[in-house]
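Participant: Using my numbering, read the sequence shown as starting at 43 and increasing by one per residue.
It is possible that some hints are incorrect.
Listed next, the in silico EDC-like pairs over lysine to aspartate or glutamate satisfying Cα-Cα at most 16 Å (straight line) [stated by the list, open to error]:
1) Lys80 with Asp99
2) Lys163 with Glu142
3) Lys156 with Glu142
4) Lys80 with Asp98
Note that these hints are calculated values from the structure, not bench results.
Treat the numbers as computed from the prediction; the structure is a model and nothing was measured.
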Amino acid sequence: ASIDPHIDDCWIWGERIVTVNLLSDSVLTLVPYRGESKRYNLDLAPADYRCASVPDDVAVRVPMPRRSLLVLYGEARYAWQHMVLREDISQRRVCLAYREFTPPYLPGGTSESKSEQVFEKAKLFW
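Please put together the full structure from these sequences, using the hints given.
Facilitator: See below:
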């Protein structure tokens, strides 16, 4: 399936977004984000990474061969929208996305109680 342009929300998802592309080749397209910081809670992102350091008309296309792993972090994570365009999908697309919580939602964090249920359910898979 294609993915609309977005930045993974910053209030709960941490520094790294990891994707494993499984079945077929595809392309991840990134474009600089110039919208309001409230949309993705970018005001919670590290200040150094909130603004892409390129002109607005730049697009970066990252090949994702089948069985590849991609990690978005830093400026690519916070200042660029990422998407998978429909025209870049030639076969069935299956991927696994891994995300980490931000520090407030980790054990010992100020919002730990809000993520406890997720951690408890995750223990059932191991």
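Participant: Would you mind marking each hint as holding or not holding in the structure?
Facilitator: Hints, verified against the model:
1. A C-alpha spacing of about 22 Å is found between Lys80 and Asp99, which places the hinted pair above 16 Å, so the restraint is violated.
2. Taking the CA atoms of Lys163 and Glu142, the gap is near 15 Å; set against the 16 Å cutoff, the hint holds.
3. In summary, the hint linking Lys156 to Glu142 is supported, as the alpha carbons are separated by about 14 Å, within the 16 Å threshold.
4. The straight-line distance between the Cα atoms of Lys80 and Asp98 is roughly 19 Å, outside the 16 Å bound, and the hint therefore fails.
This entry does not satisfy hints 1, 4, going by the numbered hints stated previously.
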